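Novice: Single-letter residue listing:
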Amino acid sequence: MALDALLQRCRAWKHRHLLGTKDLSPKDISLVLDVAEELSALKDAAPLKGKRLFNFFVEPSTRTKTSFALAARRLGAEVVDFSPANSSLTKGESLKDTARTIESMGVAFTVIRHGASGAPAFLSRLVESSVINAGDGANEHPTQALLDLLTMRQRLGKISGLRVALVGDITHSRVARSNLWALRKLGNEVTLVGPSTLVPKDLEAPVSHDFDRALREHDVVMMLRLQLERQQAGLFPSTGEYVRFFGLTRERLATLRNGTIIMHPGPMNRGLEISAEAADSSRSVILNQVTNGVAIRAAVLLLLSQVNA
Amino acid sequence: MILIKNARPHDVLLDGATIKKVGKISEKAEQTIDAKGLVVVPGLVDMHVHFREPGREDKETIASGAAAAIAGGFTSVAVMANSGRVCDDAVGVVYVQAKSREAGGANVYAVGAVTKGLKGEELAELGKMSEAGAVAFSDDGMAITNSELMRRALEYSKMFDKPILAHCEDTTLTRGFVMNEGRVSAKLGLRGYPNAAEAVMAARDCYLAALTGGHVHVCHVSAKETVDVVRRAKKQGIRVTAEAAPHHLMLTDEALLDYESKYKMNPPLRTREDVDAVLEGVVDGTIDAIASDHAPHTAEEKEQELAACPNGIIGLETTLGVILSLKKIPFDRAIDAMTAAPARILGLKGKGALKAGVDADLTLIDPKASWTVDPASFRSMGRCTPYEKMKLTGRAAKVIVGGRLCS
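Chain order of the listed sequences is B and R.
Residue numbers are given in this note's numbering: position 306 of the first sequence equals residue 306, and the series is strictly consecutive.
Residue numbers are given in this note's numbering: position 325 of the second sequence equals residue 325, and the series is strictly consecutive.
Worth flagging that the hints you see were computed from the coordinates, not collected in a lab.
None of these values were measured; they are calculated from a predicted model.
Do not take every clue at face value.
What the hints assert, rightly or not - Derived DSSO-like pairs: lysine-lysine, alpha-carbon spacing no greater than 27 Å straight-line:
hint: 1; chain 1: R; residue 1: K262; chain 2: B; residue 2: K22
hint: 2; chain 1: R; residue 1: K262; chain 2: B; residue 2: K27
hint: 3; chain 1: B; residue 1: K158; chain 2: B; residue 2: K27
hint: 4; chain 1: R; residue 1: K21; chain 2: R; residue 2: K355
As the list claims (entries may be wrong) - Some, not all, of what chain B presents toward chain R, calculated at C-beta under 8 Å:
hint: 5; residue: L95
hint: 6; residue: G118
hint: 7; residue: A119
hint: 8; residue: A121
hint: 9; residue: F122
hint: 10; residue: S124
hint: 11; residue: G137
hint: 12; residue: R174
hint: 13; residue: R177
hint: 14; residue: S196
hint: 15; residue: P200
hint: 16; residue: D202
hint: 17; residue: P206
hint: 18; residue: V207
Claimed, not checked - The calculated label-pair distances, taken between Cβ atoms and stated as ranges, are:
hint: 19; chain 1: R; residue 1: P310; chain 2: B; residue 2: T101; range: 20 to 28 Å
hint: 20; chain 1: R; residue 1: T372; chain 2: B; residue 2: D81; range: 39 to 47 Å
hint: 21; chain 1: R; residue 1: W371; chain 2: B; residue 2: K158; range: 51 to 59 Å
Just so it is clear, CB atoms sit at the ideal spot from N, CA and C, and this is done for glycine as well.
Using the sequences provided together with the hints, build the complete structure.
Specialist: Right, here's the structure in full:
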């Protein structure tokens, strides 16, 4: 009964694929969060029984891949796994053919993670199944932003009118972009904080290089993972200097306003962009983010399944 | 003798492979072409195309490319050296010429490589290639990053009075690029190629032309800064010429919002401001020529995620329609940019002009013809065009090469 009511609500969803938060309306976003929470209350329902999900991770991933698998199984769907190392992609098969081959074995969802921005959009033009972007290059990681929003809503009671600082390597971050598009649509103020070599000036969002000040002025401080290869590319001089200006150290933790929460999409570089004290403090909601990931992904699968149904 | 009657602005009488007379003609001929409603212009010249033969005949052959040229109204084309087997010696030049004669479509001229194997390390045999008939030299597709080598190339080619066609790209600034760097690339999370990477190399090459007295021709100008560089260099009397491609005169980087590979080329589509600046450059003559940068790839290659697919789109069969449909370049300037200007830059004798005594290469344009771009109908083996399904106005109705009616 409760499931029927939930499926009824899902009808408001019109997207066949989830490629990015760019394409979602504020209503769409609220719907995903609501369905995620209601699903958590629902036990023993298998609305996706008999459906298959293709976990097509061309780039390595632990948490996102596992999270999608758990979400699918929770709704009764089967999971087909893909790992690039021993796949036909290494034998020169194209992305198009790999996806279509697996799909012709009867797949309802293709969850793709790929190093090239736009790969999910490309795939969505070629396949019949619902394509879910699990991270493409520096473009988007929509389920990450949605689980971040759910976490904010749970902890802060709202997802509009907040001041959010995205901190670190914005240029190469799909998490930053998905969050930026979603947060701005919902009426939040977003500041991009980081070294000028890693924050694009063209994203039309306010940029700050003063992390200490940003810490005092924001309700949410979202730390991004720093890829060490950016140093070799000459984008910052040393990790020591990075921490000096943009690391969430123990000292900086002490300056946070009351109520400000710390987020991180993981995997963390403890001691680099975030100190152990900050990651494990009462302000940190990092593990809540992971928990919410499964709920959000289950909600996305359920919503998409109703469009194709 | 062939008489072209009722064409604007003149009648033209052809005697074999030569134009006999232009103007009001009362003489009779064996064959009369009624060109009512058509405009007669010198056979169009595209100074920048890529046919893939020898080596990659799966993408384009000299014959298919020459046929595509005719279909698009072009009677002469210059092919870049970066085919499967690089055209970096006299044998390569002679091969292109032989295949062109065999194909019997447009005249195909060979551009020789500047450096052996396009490696940017040692000069190729520019002299022997010149003797064999190469019309210019270019490592197009690859930038010549070594400034000393570029200097020597300009110095040396001057001896044969041949231009260096420069692909201006500071590749240290464009590593891994997929599109223009700017607002759209920031939004899409794609690696960008900033305007500055083109402009700094164009500026370097202009200064090297000044230093050596050589002739540098800036290929496919896409950035507004590059237009400025060329304009300033010309004012200073430097021997520089330039070309622009139709796509840089019409499309912007906004086209990439759906990550479609038909909008991926090098240099990339830029912003509206750049398009307007390049257009202005063509109109005021800063940019001498319009050239397609026709670059065919196989469907398999283009049908990949954007980061993986190769740069390049085809253009020979759409250039004229695109340029006339823009309605931004006065007709006579547009035709000059596709006839006299490239013929002058490449030193093509008897081409690009419409007067008694020159080669009987003519294009009859129907400026009012309305048509829809259908890649399936292309003579080129390439199919990847950003103009697919676009409605254009103006196309070549008849094409004459060497006194022979080809279409």
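Novice: All hints are to be evaluated individually against the structure, with a verdict given for each.
Specialist: Okay, the hints, checked on the actual structure:
1. R/K262 with B/K22: holds (22 Å)
2. R/K262 with B/K27: Outside the cut-off at roughly 34 Å; violated.
3. B/K158 with B/K27: Holds: B/K158 and B/K27 sit about 14 Å apart, inside 27 Å.
4. R/K21 with R/K355: holds (7 Å)
5. L95: Holds. Min distance 6 Å.
6. G118: B/G118 check passes; min Cβ-Cβ to chain R is 3 Å, inside 8 Å.
7. A119: At 4 Å from the nearest chain R Cβ, B/A119 passes the 8 Å test, so the hint holds.
8. A121: B/A121 check passes; min Cβ-Cβ to chain R is 5 Å, inside 8 Å.
9. F122: holds (5 Å)
10. S124: Since the shortest Cβ distance to chain R is 10 Å, the answer is violated.
11. G137: Nearest chain R Cβ about 5 Å off; hint holds.
12. R174: Holds, because the Cβ-Cβ distance from B/R174 to chain R comes to roughly 6 Å (cut-off 8 Å).
13. R177: holds (6 Å)
14. S196: Check failed: Cβ of B/S196 comes no nearer than 14 Å to chain R, outside 8 Å.
15. P200: holds (4 Å)
16. D202: Nearest chain R Cβ about 4 Å off; hint holds.
17. P206: violated (14 Å)
18. V207: With a closest approach of 12 Å, the B/V207 hint is violated.
19. R/P310 with B/T101: 20 to 28 Å: holds (24 Å)
20. R/T372 with B/D81: 39 to 47 Å: holds (46 Å)
21. R/W371 with B/K158: 51 to 59 Å: holds (56 Å)
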